[in-house]
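Starting from the known structure of chain A, arrange chain B on it as the hints suggest.
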Amino acid sequence: GQQVMQIPQYQHVQEGEDFTTYCNSSTTLSNIQWYKQRPGGHPVFLIQLVKSGEVKKQKRLTFQFGEAKKNSSLHITATQTTDVGTYFCALIQGAQKLVFGQGTRLTINP
Amino acid sequence: ETGVTQSPTHLIKTRGQQVTLRCSSQSGHNTVSWYQQALGQGPQFIFQYYREEENGRGNFPPRFSGLQFPNYSSELNVNALELDDSALYLCATSSTSGTYEQYFGPGTRLTVT
Numbered sequence: 094g095q096q097v098m099q100i101p102q103y104q105h106v107q108e109g110e111d112f113t114t115y116c117n118s119s120t121t122l123s124n125i126q127w128y129k130q131r132p133g134g135h136p137v138f139l140i141q142l143v144k145s146g147e148v149k150k151q152k153r154l155t156f157q158f159g160e161a162k163k164n165s166s167l168h169i170t171a172t173q174t175t176d177v178g179t180y181f182c183a184l185i186q187g188a189q190k191l192v193f194g195q196g197t198r199l200t201i202n203p
Numbered sequence: 367e368t369g370v371t372q373s374p375t376h377l378i379k380t381r382g383q384q385v386t387l388r389c390s391s392q393s394g395h396n397t398v399s400w401y402q403q404a405l406g407q408g409p410q411f412i413f414q415y416y417r418e419e420e421n422g423r424g425n426f427p428p429r430f431s432g433l434q435f436p437n438y439s440s441e442l443n444v445n446a447l448e449l450d451d452s453a454l455y456l457c458a459t460s461s462t463s464g465t466y467e468q469y470f471g472p473g474t475r476l477t478v479t
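Same order as they appear, the protein sequences are chains A and B. Taking the numbering used here, the leading residue of the first sequence gets 94, the next gets one more, and so forth. Taking the numbering used here, the leading residue of the second sequence gets 367, the next gets one more, and so forth.
Simulated from the structure, these hints should not be mistaken for laboratory data. Hints may contain errors.
To be verified - Straight-line Cα separation of at most 25 Å, DMTMM-like style, residue types lysine to aspartate or glutamate; simulated pairs:
(1) A:Lys129 with B:Glu467
(2) A:Lys163 with A:Asp111
(3) A:Lys150 with B:Glu467
(4) A:Lys144 with B:Glu467
So here's chain A without its partners, still in its complex pose (with noise of 0.2 Å):
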């Protein structure tokens, strides 16, 4: 089936400093969903993007869908110790099925 692969796995800030999450597949996508997984927490849906070339914004949050649907990012700018946590992308396969990508770990230096 279809995977994602996420880099970096890692990646530590200073807080104010901007972070990007990018999400690569070897083949096209129908669509791509964002969540973000708090330290001790469960993942949280963040958006979903089903465009080719589209772009969403939410506050300091810019997600992407790149134009050969095949990767996307998400970019945050001037982090907050509130980013923290791990950031993983997500396509849909079949009926509802999310296949994650590893994910990528954010920590920030206040």
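Coordinates of chain B only, in the frame set by chain A:
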């Protein structure tokens, strides 16, 4: 809060034992999926239930089984526990309409010794 609850929150079992984990669905959500999340990994799909029928299964052996009830709540049963079954077990509920956004419960942390 998503409205999805899971019980118990933590569980310690011995290898070879059996365990039942429970999930109550968010109101209006008729589909429930179960995921296993090992430490430092992304969640792995176990199976999904829709209208009380299994509606897809991941790469997990038959000793992982489940049920969905008429009120859409669900159970995950694992027989003959192995050490590698130690993980966070997450259920996620969703509706068949809309964006397929999945609402995860807080999870059950299972430790097998």
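Here is what the structure says about each hint:
no., hint, verdict
1, A:Lys129 with B:Glu467, "13 Å, holds"
2, A:Lys163 with A:Asp111, "23 Å, holds"
3, A:Lys150 with B:Glu467, "17 Å, holds"
4, A:Lys144 with B:Glu467, "16 Å, holds"
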